[in-house]
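K.L.:
Full structure from sequences and hints, please.
Protein chains: 4
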Amino acid sequence: MNFSSDNVTGAHPAIVAALAEAAGAGAMPAYGADPLTEGLGARFAEIFEHEVAVFPVATGTAANALALSALVPPWGGILAGHEAHVEADECGAVEALSGARIMTVHAADGKLTPAALAARLAPIRKGDQHQVQPAAISITQATECGTVYTPAEVAALGAFARENELRLHMDGARFANALVGLGCTPAEITWKAGVDVLSFGATKNGALAAEAVIFFEPTLAENFLFRRKRAGHLVSKMRFLSAQLAAYLDGDLWRRNAAHANRMATDLALGLIDLPGVDLDHPVDANEVFVRLPAAIADALFRAGFHFYPWGAPPLDPATEAGLYRLVTAFDTAPAAVAAFIAAATRAAKEIA
Amino acid sequence: MNFSSDNVTGAHPAIVAALAEAAGAGAMPAYGADPLTEGLGARFAEIFEHEVAVFPVATGTAANALALSALVPPWGGILAGHEAHVEADECGAVEALSGARIMTVHAADGKLTPAALAARLAPIRKGDQHQVQPAAISITQATECGTVYTPAEVAALGAFARENELRLHMDGARFANALVGLGCTPAEITWKAGVDVLSFGATKNGALAAEAVIFFEPTLAENFLFRRKRAGHLVSKMRFLSAQLAAYLDGDLWRRNAAHANRMATDLALGLIDLPGVDLDHPVDANEVFVRLPAAIADALFRAGFHFYPWGAPPLDPATEAGLYRLVTAFDTAPAAVAAFIAAATRAAKEIA
Amino acid sequence: MNFSSDNVTGAHPAIVAALAEAAGAGAMPAYGADPLTEGLGARFAEIFEHEVAVFPVATGTAANALALSALVPPWGGILAGHEAHVEADECGAVEALSGARIMTVHAADGKLTPAALAARLAPIRKGDQHQVQPAAISITQATECGTVYTPAEVAALGAFARENELRLHMDGARFANALVGLGCTPAEITWKAGVDVLSFGATKNGALAAEAVIFFEPTLAENFLFRRKRAGHLVSKMRFLSAQLAAYLDGDLWRRNAAHANRMATDLALGLIDLPGVDLDHPVDANEVFVRLPAAIADALFRAGFHFYPWGAPPLDPATEAGLYRLVTAFDTAPAAVAAFIAAATRAAKEIA
Amino acid sequence: MNFSSDNVTGAHPAIVAALAEAAGAGAMPAYGADPLTEGLGARFAEIFEHEVAVFPVATGTAANALALSALVPPWGGILAGHEAHVEADECGAVEALSGARIMTVHAADGKLTPAALAARLAPIRKGDQHQVQPAAISITQATECGTVYTPAEVAALGAFARENELRLHMDGARFANALVGLGCTPAEITWKAGVDVLSFGATKNGALAAEAVIFFEPTLAENFLFRRKRAGHLVSKMRFLSAQLAAYLDGDLWRRNAAHANRMATDLALGLIDLPGVDLDHPVDANEVFVRLPAAIADALFRAGFHFYPWGAPPLDPATEAGLYRLVTAFDTAPAAVAAFIAAATRAAKEIA
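Residue numbers (full-length UniProt numbering), protein chains in the order written: chain A, 1 to 353; chain B, 1 to 353; chain C, 1 to 353; chain D, 1 to 353.
Please keep in mind that the hints were generated in silico from the structure rather than gathered at the bench. Don't take every hint at face value.
It does not matter which identical chain is meant; a pair holds if it fits inside one copy or across any two.
[Stated by the list, open to error] No more than 20 Å apart at the CA atoms, straight line, and that leaves these computed lysine to any residue pairs for SDA-like: (1) K350 with R303; (2) K126 with N164; (3) K192 with A53; (4) K126 with P314; (5) K126 with D252; (6) K350 with P314; (7) K350 with A319; (8) K350 with P73; (9) K126 with E83; (10) K126 with L225; (11) K192 with T150; (12) K126 with E222; (13) K192 with A155; (14) K126 with E165; (15) K126 with A221; (16) K192 with D279; (17) K192 with L220.
P.N.:
Shown next, in the form of structure tokens:
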């Protein structure tokens, strides 16, 4: 009964089975010249309805840092939300692999807007050798607040990017959750809305360790092989990344997994929202719930063995002020666990009252 | 019947089984706080008979580059053989992640010697701000020539390193093959001989993608968590790297796999060496055979469907001069494949004569 | 009549004379082994009443970036004001030469406070591999707002730094102006208040191009020679940087120059402040005046040939709202130029009324 | 009587005078917008008979590292002679500022040849993600051996570069000495021979600290302003670099200084060459003499107060084998000093005999 993150999960059996099959398939060329990897391009092109260049890597941080390194010069700036994963949780990897600077912008509900970006850009002198030159926008979909950008919202950012000669990157560590939450096509939320490159995540949604950097404009990917290798991110037995990605896409596993996780999150939110003193900080658009819980309820849940994280700054007076907590559901979250969580919270709420 | 590399192989069933078990084991903390990862330290300490700090990563290039980055300052030099993998096959990853320079030294049979190192160091002015300052030696065990350093040879380098205030790194992408070839203990060939940090490889010898950076002096590892994450090499579901490593060590699988691969290489060499015009460039100490083959034999083998690489510069006159080829065996090389290779070569040799 | 910056000035004749003397002094060892450079340590030690390690460089950006690179690891964070020169005007040089990230903190009047720093640090998880680890504070003295930190204010930051295991850097591009404004000793505002390393500027205050990185804890400077050379900042004929610095210190030229510049700034401010619609944004503690001027006055001044910069975001309605302007005085600012500026502004103010 | 280097010299009075004039010229825009800097482009274009983009910097290491960073990607290789200054004497600055790797090639008499380069390139697999990709050639003119490339030799390298899609950089720390030694035009030895960018040195030949990066294909310079600033190499009072460069070119001072230095070197060589046991290691094409001296002669010269460096590896038996020494002359070398050196050597030679 662990709601602390979607990366505390194991992996989906279908993906493990694909790995086992690849493991026993005998000799294959290394470094991506194997048929599993070579098949990914067509598979993703079909899904995204667009020519793509696809590069598997083992971690989301690598996907983000390498993708962005292909979009910006070392003296460039990357506009990102103040809670963006690339800023808050990657120990400077984007800067290390790109040389560029992350420029944070306040992002309500985790979402950047053209207005907020314009305000951030206003004082920066374009072309002035003294200043880091904004060169890309990085958005997270679903966001770090559990919300999602609509196609229209992304398209507005895409238009803003083009007007300002910026590239647009999407950190899709939870891309499937966003997609299912929106009910749109992969194309609508990416290249049709102006996204240049996508970090396509599978790890959090059922894979063991597999992400893909997907370029919608292949010329941007020209040197990506060198970037990936030079950072130590070229996996020799690439078949094992590609097998995960292929199985993830097969039979819509990725969307089915995400749909389940999102439903669990919605159920959690719905089961908690009417309890006295309980409140949501953000809409629940994907598989994360940011909920304010009175200390007595939170403590009761921890005592009952549920795992989840307090989030952000603690309340000044926990006795009277609800604290913020993050609950994350996943492809394997049991409905019973959700029910148990709600029941325990409800009991605790009654005891307080 | 592929002898082109040990990374064209799949993975050993026992390692796949361990992955499957870890995949179904339910929630575990991410980023290395899981019990599988936490158990690795004790397991490796037992094997190496010494306190260690162990950090799993997914690629050998990451292991080498990150390990070396912990040993040298950005203005440091890393002494390595002219055919060393860190120099020839990692696209500058060591330099990228450490800032340091690789300084090549001619390495006969792939092996550095104190004399060769001393000659390389002689013209460098220690402490002179104008010059990159040698700070570490990196040796490969087994070497890129398929040979192995004896404990005495490593110990001589270890002593040289200490005398010259250099650190000693061992690239053990084929560590098990070397160990089995030597018949010594892991301790004898590493810390007892002066090795500070080891890139311990499992991928080429039966794993899917799993290596470990092993520090014998834990203080050197002080900041390694940050180095690994900042380069994008922290795998979130670390259990999946650790499960591979644990299964690799269990029941001596690593040594059994390597022993098989080495035996196959020896068999290959023995079966080829007496053919007319055939010669070995280096002793066969591990799982690689560097063999000179007359063009007619090599061509016959390629036509018969065997895969293996020509190596180094091509002969000036292929009609009269044998070309150099590399044959690599692995944990899953079938004795029948070796026999078939030898038979085909023998047939071709007869046809020439 | 140029008030746009103190780097639009030429150089003080005494400094030029020192250069000429050094130019004609015959052969001297290069790279800092000359007597002029070797004498700097004792000279600065006397001035700062403390053992120091002194390294001349040609630019302030080099001084800041190299000084900070000696204080923080590549995964470290540098806390600096949101308008700090290292953040706003050095094109990412600090990040490029250190690998670290600049973490901005809102700085009213250009000054960091322990409270603002504590709030910035609060959400950061110390020792967590996912996060850039705050490692240093960088303050500017005099600040980018023309204010100065008092010894007590610096000491409070120094104490905060020690409590939080941070190093303290001072960007002293206008150090002399600050010192003269404060009337304290160099020691009181630096090491006695907890400063670890100072970028000591001379260029803006009468030199041609000469700054010094001054370490108060020499062990921090251990590798500085290599850092400086590796970034291309080792000047071969070092005598020419050192001659500037020596002449700058001789006969208190640095304080006399700064005193003059500060006086000119004060005179400017006093002459403007009583005009209708005119206001100061910050106290005038050194040689910069940040003044709000009605558009009609500003325009009249520009038409009259005065040079100075509009500053920050332009007013939404320039017709009714005064705009912000920066006026900088220098060692060679003529009192007549100040009087002329005030007279022109006064005339313009009368015309409006 | 110092022959240890041309950077132990002071500066030429005409250049000092130009600095003094610039120092007293009142306000000028900073950062290169001053008339002195803006005039450099036309001045150099005239001298090189070609459109150029010119960027002054204060050190030769900065010029080389920044110039090369504009020519190669971070995964690129820079082919340079094994004694090249960028390799042997810049503490890794080229790698630090470009990310690229220096690939050394044996250079007899300090000169690269197409044949030597071709041999170095042969084993490298173009386009292979595992390997650093050769991207530029860097030659030194005059070389580190005191020789010069003829226009035909440079043109051969230029042609080789184009055939192999490499850029060609010339480290011209002693460009004037080479030019005078050759008696050709600046154009003939640079862009006409295929040079893309030149590090144009003035410091060693009479300036205080002034070099210029000169691009013959301005598109290569597109981002150079950012590269220079991001490395801390933008000098604020740029007039002081530009004034040195302008004075250096005025009235052919650069060629006159170099001609004098070269003549002094030739005189030295001619005066020494007939002494018994004395020999030259390289032709004397510019202002450096690499001479073998019996120990007794060298010791006598040192005792007589002459300064010069032993060079390379010391002789195994100094009693019987002459040691190698470097003598460098400069714009201000007195003919009397040369005569005194020769006289002292001659006396010592007689005493031995």
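K.L.:
What hint numbers does the structure not satisfy?
P.N.:
Those not satisfied are hints 5, 6, 8, 16.
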